[in-house]
Amino acid sequence: MRLRRKRRLMRCLRKRRELLSIADNTANIQRQDILLISVIRNEKIRLPYFLEYYRRLGVNHFLFVDNDSDDDTLDYLAHQPDVSVWLAKTSYKRAGFGLDWSNYLLRKYAHGHWALTVDPDEFFIYPFCDTRPIRALTDWLNGCGVRSFGTMLIDMYPRGTVDAEPYDEGRDPFEIASWFDAGNYMITKNPEYRNLWIQGGPRARVFFPENPSRAPALNKISLVKWDRRYAYVSSTHSLLPRGLNQVYDEWGGEKTSGALLHAKLIDILGDKAQEELARGQHYGKSNEYRAYAEKLGHNPVFWCDQSEKYINWRQLEILGLMSKGNWA
Amino acid sequence: MNRLGIVMLVHTALHRAEQVARHWTASGCPVVIHVDQKITNQVYSKFVSACSDDPLIRFSDRHVCEWGGWGIVAATQTAAALMLETFPDVRHVYLSSGSCLPLRPVQELIEYLSDRPRVDFIESATTADVSWTIGGLDQERFTLQFPFSWRNHRKLFDTYVKLQRALRIRRRIPEGLTPHMGSQWWCLTRQTLSAILQDPKRKTYDRYFRRVWIPDESYFQTLTRLYSTHIESRSLTLSKFDFQGRPHIFYDDHLQLLRRSDCFVARKIWPQADRLYQSFLTDQASAMKPAEPNPGKIDRIFSKAVERRTRGRDGLYMQSRFPRHGSENGLTSFPYSVFQGFTELFEDFEPWLADATGARVHGHLFAPDRAEFAGGDTIINGVLSDCATLRDYNPTAFVSNLIWNTRGQRQCFQFGPADTQDINWFLARDKNARLSVITGAWAIPLFRSNMNFADIRIEAARLQRIETKQLDILTSVWTKAQVRTWSLAEFIESPMEPLQSMIEEIGFNHQSHLTEAPKMVELSGFGQFLQNLKNQGMHPYLMGDFPPDDVFGAQIKPFRKPYLVQ
Chain A
1 MRLRRKRRLM
11 RCLRKRRELL
21 SIADNTANIQ
31 RQDILLISVI
41 RNEKIRLPYF
51 LEYYRRLGVN
61 HFLFVDNDSD
71 DDTLDYLAHQ
81 PDVSVWLAKT
91 SYKRAGFGLD
101 WSNYLLRKYA
111 HGHWALTVDP
121 DEFFIYPFCD
131 TRPIRALTDW
141 LNGCGVRSFG
151 TMLIDMYPRG
161 TVDAEPYDEG
171 RDPFEIASWF
181 DAGNYMITKN
191 PEYRNLWIQG
201 GPRARVFFPE
211 NPSRAPALNK
221 ISLVKWDRRY
231 AYVSSTHSLL
241 PRGLNQVYDE
251 WGGEKTSGAL
261 LHAKLIDILG
271 DKAQEELARG
281 QHYGKSNEYR
291 AYAEKLGHNP
301 VFWCDQSEKY
311 INWRQLEILG
321 LMSKGNWA
Chain B
329 MNRLGIVMLV
339 HTALHRAEQV
349 ARHWTASGCP
359 VVIHVDQKIT
369 NQVYSKFVSA
379 CSDDPLIRFS
389 DRHVCEWGGW
399 GIVAATQTAA
409 ALMLETFPDV
419 RHVYLSSGSC
429 LPLRPVQELI
439 EYLSDRPRVD
449 FIESATTADV
459 SWTIGGLDQE
469 RFTLQFPFSW
479 RNHRKLFDTY
489 VKLQRALRIR
499 RRIPEGLTPH
509 MGSQWWCLTR
519 QTLSAILQDP
529 KRKTYDRYFR
539 RVWIPDESYF
549 QTLTRLYSTH
559 IESRSLTLSK
569 FDFQGRPHIF
579 YDDHLQLLRR
589 SDCFVARKIW
599 PQADRLYQSF
609 LTDQASAMKP
619 AEPNPGKIDR
629 IFSKAVERRT
639 RGRDGLYMQS
649 RFPRHGSENG
659 LTSFPYSVFQ
669 GFTELFEDFE
679 PWLADATGAR
689 VHGHLFAPDR
699 AEFAGGDTII
709 NGVLSDCATL
719 RDYNPTAFVS
729 NLIWNTRGQR
739 QCFQFGPADT
749 QDINWFLARD
759 KNARLSVITG
769 AWAIPLFRSN
779 MNFADIRIEA
789 ARLQRIETKQ
799 LDILTSVWTK
809 AQVRTWSLAE
819 FIESPMEPLQ
829 SMIEEIGFNH
839 QSHLTEAPKM
849 VELSGFGQFL
859 QNLKNQGMHP
869 YLMGDFPPDD
879 VFGAQIKPFR
889 KPYLVQ
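In order, the protein sequences belong to chains A and B.
The opening position of the first sequence corresponds to residue 1 in this note's numbering, with each subsequent residue numbered one higher.
The opening position of the second sequence corresponds to residue 329 in this note's numbering, with each subsequent residue numbered one higher.
No lab work stands behind these hints: they were computed from the structure.
Bear in mind the structure is a predicted one, so any value in this text is a computation, not a measurement.
Among the hints, erroneous ones may be present.
[To be verified] Computed list of lysine-lysine pairs in DSBU-like fashion (alpha-carbon distance at most 35 angstroms, straight line):
1) B:K632 <-> A:K189
2) B:K490 <-> A:K225
3) A:K309 <-> B:K490
4) B:K366 <-> A:K225
5) B:K759 <-> A:K225
6) A:K309 <-> B:K366
7) A:K189 <-> B:K366
8) B:K366 <-> A:K108
[To be verified] FRET-style restraints, in silico, Cβ to Cβ:
9) A:R194 <-> B:R587: 57 to 65 angstroms
10) B:R482 <-> A:R194: 45 to 53 angstroms
11) B:G736 <-> A:R17: 40 to 48 angstroms
12) A:R94 <-> B:T748: 24 to 32 angstroms
13) A:E250 <-> B:V805: 20 to 28 angstroms
14) B:S804 <-> A:T188: 55 to 63 angstroms
15) B:R482 <-> A:L13: 52 to 60 angstroms
Where is the CB? At the ideal position from N, CA and C, for every residue including glycine.
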């Protein structure tokens, strides 16, 4: 495991040469700042709301890697005061699906900081997020000596077909995709990295009913008090050293955990799936996007009469999709 | 004049400490602040000069304060001595920290204390009586030595404790002392406090407590017992602890809760809880009505948090709760019933059961082609799908999800050897499962089928093999489920009693007795059928003894009369 971790770190150091700094505001990062790291491509339409959302939660600085966007993502980000952005023109796949880039940025800038590594369609929810900023959470985790915080990805979907209501820039995507699956998730433990492997939700139900083992993993460890010796190994599903993956209690109790609301299944997805499929840059031979493109051709409706409409974090906590744990 | 003096121990968030200190002095209470030595001199002197305009704020000599170490007591001693010396009219000294926040107007606290001029408010209980010690060190914290820091040198700490235990090394407790423990935050009278600080034997006591673990929870608590004339064993400071002994932290959203707590002082407050500081330090008039302090109101919410962290919600599997085998406290969240062989024996068992109990009665949830949800639904609560591949991909998650999603409503489902069998161990180990099994009932559909006899024989052998395996699991020593089995012959002989008890156990409508039994299928010729199987070389044994002639075929008729239990 140590070797694997070292290899990861070597890789990310090698890949740093692919990163071209476009706007570097990292000098402004204060010692206590909470950072957000994200690898993006052609996400201009999502970014305004994304930045607004995380600024409101109290993220102090954003670090983006732009993977060769051809919309004005790069230009937009370069003009934000609390954003540093790098351009990577090389292959996403060969950079470990972007992982090498984010590992590098984490190692370089996030040592000693709480860092949130998310995709631009993932929105972090944690207990009391409507009344307490992220810093309240990280201060509390510091006090408890906890270094990593577990979350689950919850796929949100609209009432009708995915393309029924177009998404406009700056809008809260969950006004459109406000529904989710409340209780069809399947969990196993991955003995290799000791992380949980969670599958299920609407994507397993609609895209992978014949082959559930291929359904995407929903377990995410996005919020970590970073140390330069750490490395993500498989997206943000697991990291090394393995102790960081122990975000769950094994003796019956509940640790504090959060959720990532996933605004993927909205109008943008169709174009995205076609585009990503053509590039073939995604995990597992882009299987996921292949399935999306296929099924989206039939215009699926994820919604059914048992779907749950999202209200707030307390609802998720009652449904057992996250937990306050010991935080009250 | 009866004045209240505040001793404040500060190690972070100095701006908040200053704010609170000024709040105290505004009401005429002198404040002595001890700042942890770990704060750099530069920051410290800035802080001192910021407070220098207030004559009631004094600073005491600094000590290094390590959690669980002697430094905190030394700091308290120094600061308290300075307080008693500098402000001779102080009658009560209140020990607080930089993250304490006065909730009620200071004047009320002063009045409260002047009504009780001789009372020492200090939580102080003998070691045998406290339940909140962490790490199992209660009496031992007074009889062993603890020279190593628990936070920084955990291994050394543990090894040294073990070593002392092994060598049976015990320290002598100084004569006359009975170890007491309690909350670190107290309010003592000048008389008691000065007696402790000026005790001729203080050197002995100090030397002893220097090596006691967490002396700040026992030094004053023990010594007060020597001098106080009137101890009220409780802390005026509201402080809640989590399961690891760390104080819970209060945030802005606790404002209403704190208002209703009626306590004088609360800790710990998150330094950035602007609204709390704003409400309690500036708009005091509107903050509270006078009342006897009663921290009990807050108890519930925090004890719930502790329970959630230590026990969790039964039957929930999620990203932060995934119990190991055996630590689940119940594999599912709610009792449910599993019936095996009943739909085979009775024609209308499912609607009958639903009618008799009000429970939700599913068909064979583990049927090979799909999960037969009640009412033919393809998707039920929690968007659980009837898709067989999804179900069989993780059958235990399927059952625990089903029971979790419908918690509060009793679920029943059918099971049998023709279903996929991966769930058997889970059902057997789950204390919430109630299994009723009629063994050998799978032969009835074969008997009534139109298959070739050779195929029937093969199928019968297969089903019998599966059911035997299942019964082995259900009778194993690890089984926690309530399992009741009857052989088919046994059950047919008197079906009403088991049916009645099943209904009663499900628990709805149990005041009424069964008035209508489900209709049993026509079984004449079944004995001969079994005999034929035997003649073909198979050995059907799970259904019990059926005579080859059809005597019971006539016997099953009278069961449709009303049934009464005395």
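So, going through the hints one by one against the coordinates:
| no. | hint | verdict |
| --- | --- | --- |
| 1 | B:K632 <-> A:K189 | holds, 28 angstroms |
| 2 | B:K490 <-> A:K225 | holds, 33 angstroms |
| 3 | A:K309 <-> B:K490 | violated, 55 angstroms |
| 4 | B:K366 <-> A:K225 | holds, 23 angstroms |
| 5 | B:K759 <-> A:K225 | violated, 40 angstroms |
| 6 | A:K309 <-> B:K366 | violated, 51 angstroms |
| 7 | A:K189 <-> B:K366 | violated, 43 angstroms |
| 8 | B:K366 <-> A:K108 | holds, 29 angstroms |
| 9 | A:R194 <-> B:R587: 57 to 65 angstroms | violated, 44 angstroms |
| 10 | B:R482 <-> A:R194: 45 to 53 angstroms | violated, 22 angstroms |
| 11 | B:G736 <-> A:R17: 40 to 48 angstroms | violated, 59 angstroms |
| 12 | A:R94 <-> B:T748: 24 to 32 angstroms | violated, 42 angstroms |
| 13 | A:E250 <-> B:V805: 20 to 28 angstroms | holds, 23 angstroms |
| 14 | B:S804 <-> A:T188: 55 to 63 angstroms | violated, 24 angstroms |
| 15 | B:R482 <-> A:L13: 52 to 60 angstroms | violated, 33 angstroms |
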